[in-house]
Amino acid sequence: MSIPPLIFLIIYVVLVGIFFILSILNFYHIIRFGFLRPASIIITLVYLALMAVIILLTFRILNQINWSQPIEINLPFISSP
Amino acid sequence: MRDPSKIHFPGQGADETVLMAIGRHPMALVKKVFVFFVGAVVPVAIFFVAEKYTTWLDDKTGFLYLVVVLLASLFYLYILLFIYHVWVDYYLDIWLVTNERVISIEQKGLFHREVSELRLDKIQDVSSEVKGFLPTIFKYGSLQVQTASEADKFYYTEVPNPEILTRQILELHEQYLMKHPGVASVPAEQKPAGEQEKKDETKTI
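Residue numbers (my numbering), protein chains in the order written: chain A, 4 to 84; chain B, 10 to 214.
Simulated from the structure, these hints should not be mistaken for laboratory data. Using N, Cα and C, we set each Cβ at its ideal position, and we do this for glycine too. Among these hints, one or two may not hold up.
Stated by the list, open to error - Only part of the chain B face toward chain A is listed, based on derived beta-carbon distances under 7 Å: (1) Leu66; (2) Leu80; (3) Ser82; (4) Phe84; (5) Tyr93; (6) Val95; (7) Leu119.
For reference, chain A alone in the conformation it holds in the complex:
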């Protein structure tokens, strides 16, 4: 059985989108209610940097995948007949 890997990418992008929305809500609270100090700014910048690293690393690791080509679902613990 084969499946286009684009489906997983779409699901991934949707979940990352939810992640961004929740992140923006946290930024809103810090900006509106927080006493903006160097510590809070630095921590927020570190958060943004780590977020970017994770996402960029993910796409770099998956660079070899041909998203339009279906891939075979081979699970090692399920032997094919």
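Put chain B on the given structure of chain A with help from the hints.
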């Protein structure tokens, strides 16, 4: 304690000065994020075991490799989000002590913020408690401020050096009474550490 001179809040009076800005002790944050950091190690360990002892991840364009990488990416993104959210929640909890009142601001989740205030002349009792191994080592505990009304108590947990803060709040209370001699109030008393009243109607922060 944060620098009070840099803090201005909505509703601050013209002659009102922020004297103390008390945030929670950093251990309150450490205790909550520690579990996330431990959890973050798990996928790495699983990956190394699978990479070294199995052939599951040998095909870098295969289905299993794709799913594992996407799942790991989402896992780390959401752990990062939870840690940041815990920090935001910790950062936004603060007690402000001015020359007129005590204001407690607590962020309870993303869409719930509770602000309470207590005038210095209304303070009746102030007590502190340090209980447990970590609080004793790192010098943090709880602080309770009570008014004449049985229903009004401020209870602030995981506060650094609560005994010192107790004395400072009492001093401010007495200074306030001296500056406003017309205010009818019985001077507050400091309760010995460890003696606390029931917390049935307490606003726990």
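Exercise for the section: Any hints from earlier that this structure breaks? Give me their numbers in increasing order, please. Expected result: 1, 2, 4, 6
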